[in-house]
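> What follows is the residue order along each chain.
Number of protein chains: 2
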Amino acid sequence: MGKKPHVVIVGAGFGGIAVAKKLAKKNLDITIVDRTNYHLFQPLLYQVSTSVLSTDDISYPIRALFRDYDNVELFMAKAQSIDGKRKVVITNHGEISYDYLVVAAGATNNFFGMENVEKYAYGMKTIPEALHIRNHVLHMFERANKQIDNEEARRKMLTFICVGGGPTGVEEAGAIAELVAIQRKEYPNLNFDEVSIKLIEGTDKVLPMMPPHLRQHTINVLSARGVDVMLNTQVADCNEDGLFLKDGTFIPSRTVIWAAGVKAHKLASTIGTECDRAGRVIVGPTLQVPGYPEIFAIGDNAHFLQDGRPLPTVAPVAMQQALLAADNIMHLCKGESQLHTFKYVDHGAMATIGRCQAVVNWGVVKIGGFAAWMIWMFLHLLRLEGAHADITVGTKWFWNFVSGTRLGRIITNIKLEDEE
Amino acid sequence: MGKKPHVVIVGAGFGGIAVAKKLAKKNLDITIVDRTNYHLFQPLLYQVSTSVLSTDDISYPIRALFRDYDNVELFMAKAQSIDGKRKVVITNHGEISYDYLVVAAGATNNFFGMENVEKYAYGMKTIPEALHIRNHVLHMFERANKQIDNEEARRKMLTFICVGGGPTGVEEAGAIAELVAIQRKEYPNLNFDEVSIKLIEGTDKVLPMMPPHLRQHTINVLSARGVDVMLNTQVADCNEDGLFLKDGTFIPSRTVIWAAGVKAHKLASTIGTECDRAGRVIVGPTLQVPGYPEIFAIGDNAHFLQDGRPLPTVAPVAMQQALLAADNIMHLCKGESQLHTFKYVDHGAMATIGRCQAVVNWGVVKIGGFAAWMIWMFLHLLRLEGAHADITVGTKWFWNFVSGTRLGRIITNIKLEDEE
Chain A
89 MGKKPHVVIV GAGFGGIAVA KKLAKKNLDI TIVDRTNYHL FQPLLYQVST
139 SVLSTDDISY PIRALFRDYD NVELFMAKAQ SIDGKRKVVI TNHGEISYDY
189 LVVAAGATNN FFGMENVEKY AYGMKTIPEA LHIRNHVLHM FERANKQIDN
239 EEARRKMLTF ICVGGGPTGV EEAGAIAELV AIQRKEYPNL NFDEVSIKLI
289 EGTDKVLPMM PPHLRQHTIN VLSARGVDVM LNTQVADCNE DGLFLKDGTF
339 IPSRTVIWAA GVKAHKLAST IGTECDRAGR VIVGPTLQVP GYPEIFAIGD
389 NAHFLQDGRP LPTVAPVAMQ QALLAADNIM HLCKGESQLH TFKYVDHGAM
439 ATIGRCQAVV NWGVVKIGGF AAWMIWMFLH LLRLEGAHAD ITVGTKWFWN
489 FVSGTRLGRI ITNIKLEDEE
Chain B
89 MGKKPHVVIV GAGFGGIAVA KKLAKKNLDI TIVDRTNYHL FQPLLYQVST
139 SVLSTDDISY PIRALFRDYD NVELFMAKAQ SIDGKRKVVI TNHGEISYDY
189 LVVAAGATNN FFGMENVEKY AYGMKTIPEA LHIRNHVLHM FERANKQIDN
239 EEARRKMLTF ICVGGGPTGV EEAGAIAELV AIQRKEYPNL NFDEVSIKLI
289 EGTDKVLPMM PPHLRQHTIN VLSARGVDVM LNTQVADCNE DGLFLKDGTF
339 IPSRTVIWAA GVKAHKLAST IGTECDRAGR VIVGPTLQVP GYPEIFAIGD
389 NAHFLQDGRP LPTVAPVAMQ QALLAADNIM HLCKGESQLH TFKYVDHGAM
439 ATIGRCQAVV NWGVVKIGGF AAWMIWMFLH LLRLEGAHAD ITVGTKWFWN
489 FVSGTRLGRI ITNIKLEDEE
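Same order as they appear, the protein sequences are chains A and B.
Heads up, the first sequence is in this note's numbering, so the first residue is 89 and it goes up one at a time.
Heads up, the second sequence is in this note's numbering, so the first residue is 89 and it goes up one at a time.
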């Protein structure tokens, strides 16, 4: 790769892409390693899983993002481990050596060791997983429609469980409720009283980053739309026919969607330094990995203490850390020993609950309802990569709103495949 | 299903949907049987396979088409055979009895008995097949980019063969040439002189429905864009590493796309009456199957002689036959014995060759070039189901045109799955 310093960035999520964008203009060679060839706009993944948007609307080819920079290359591969002594990343397509490494490999589902949950529940972290949920949920309606004489089978097929009361679980449950309302118009022979949607949360609250009145607003909206919100409810086990709770209850269901926890990509732990229980590397104030000054870990892969607590695994943290890591890499390239230290600035949070309903918590602005929903839509369109996507996504949202339908209800009959 | 006559329509293609739309307003119960839950706008399938459009742009949920008609139901299943004596269609989800049956199950790839071609070549008739081609072609660039020291491997990965000089083969080859031109800007380390695109045709002409000067225009445009058009060239065999021609030549390639022939869905032949070599049922002048006055076969499933030749397997034939079959079913319902006889009115044909280039043959209007391309785009938008799709597809086409990129270049890592 020539004589320029070689920066390897593992992961093309919000953090990795922000590092690469900042460093692309510098006199560096940059290689992005990712198992896919696209940057995924994860906040809208639940809309792919619920037939609102298409894959292509929320995925942007990584090479297209950097088409004006010949010094940025993609190496599409699964990063398997890091050898910090030899300064190489080991992938399923061979090794890549680096001068500087940014570990931004993101997170994966955390099933907390429950093997059956991992086997039978549906994760919702990737495009194939979202398509899998979409296909499966739509299939359940078609199959229930054929079970003319078997109410028990129908009810099991028409029970949809989301586990986890964070933004993903709330958004998914709300979107399924909306989808059901649309399906209702198109299955003249199906009894929609048999449909059940449950949102299961282990603690006593949904959306913990929201103030109490907006948490209550969220529960009120979901309940009004037919979602049974079950707080203080822990999952014990799962099988093909349903979900076991810790209190011994069994809920018959063919669809358990898991949004109850994430853990860091296993790559982070292969450096060999100290990690937390979720597999995140404990980094110093400059985001460097202790003992490896040329390795930075950011976002879901970094455990960074601020005010005595680790920062949450959300996109704004990853993006702010990305800019600092990029700055620090430039300082190291110039031989400067004084690096910047990181401080997260929390600008607040928002979540959508469904049609016309969202909650926003920005300092003194704490609102729920239609205005919050408009803000949520506007900001998500702004943040989405690609002007064409603003138009296609905007069109679909508008169409959904005025026509009360969802045209992505396409069963594509695909299954997850390991990368080549 | 009550006392109303029950019309079963197998297939939700252009023919099946046209029958259902015409009969939906009548006092009938209608069941559409299809292995998918959507109507596919097949003429734009090649644009899904070449990263221009998304699945959802060209697929429309069947139930959404008939949401205002409670008398139209979808039965999502694979139709396996017809028992004309018992008046039932046998599917993988059980039997459905009918009073009137329309066989509109469409066509599938015809590999003319070449097992290795069926195994190694890529068909292009369904959404999963199109996504499979998209994923595979994009993968080939990523993989070739990693073969730094192996030119032979790179060339094999970068050779794309389309077999069949009809509209599908021409459109696919032209679209791949355009895709390559876009990829060129984003692989700084790949030598694009190693890319080869071939269009192989067994006869001495491409687009046989076009006049000679437009056929020549098509070849000129394709050649100028780097497609090697090989006429009078027959395929003998295929393996993982390339294609064998009848003259003994072997072309190393990982990508052989098959657009060289179709045959009727095997359902048509299960009635037991006479079929042609492509599996199409020989129907009478009223489109009824001989001996079974309540069974109609249309489109790709019907062999209909007009002016001494069977009609071509194109959408306009299916749609005109659909309207006549629907009329004749209404006559039979009313107990009228006098049925209409079918006559196809040929309004001409068109095909696109790529960016800014198409050919149109409408009676006295025989044009090629930019104007033909504009006509082609306009008419395809008109014919597409769903106003939202006109906007999303129009946006994508416009964006492609002005930005010179294709944002559907997303490798989703999925594989084909049998329907549940």
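In case anyone wonders, no lab produced these hints; they're calculated from the structure.
Don't take each hint at face value.
No copy labels: a pair is met if it fits in one copy or bridges any two.
Derived DSSO-like pairs (lysine-lysine); straight-line CA-CA distance at most 30 Å [claimed, not checked]:
#1 334 to 92
#2 166 to 207
#3 293 to 109
#4 234 to 354
#5 334 to 110
#6 454 to 293
All values reported here derive from a predicted model rather than from experimental measurement.
> Does each hint fit the structure? Answer for all of them.
Evaluated hints:
Taking CA atoms no more than 30 Å apart as the test, residue 334 paired with residue 92 passes in neither setting, with 57 Å inside one copy and 52 Å between copies. For a Cα distance limit of 30 Å, the shortest separation of residue 166 from residue 207 qualifies both inside one copy, at 22 Å, and across copies, at 28 Å. In this homomeric assembly, residue 293 and residue 109 never come within 30 Å of each other (Cα to Cα): the closest approach is 38 Å inside a single copy and 49 Å across copies. In the homo-oligomer, the alpha carbons of residue 234 and residue 354 lie at most 30 Å apart only across protomers (24 Å), although the nearest pairing inside one protomer, at 43 Å, exceeds that limit.
In this assembly of identical chains, residue 334 and residue 110 lie within 30 Å of each other by CA distance neither inside one copy nor across copies; the values are 48 Å within and 55 Å between. For the homomeric pair residue 454 and residue 293, the shortest alpha-carbon distance inside one copy (17 Å) is at most 30 Å, but the shortest distance between copies (69 Å) is not.
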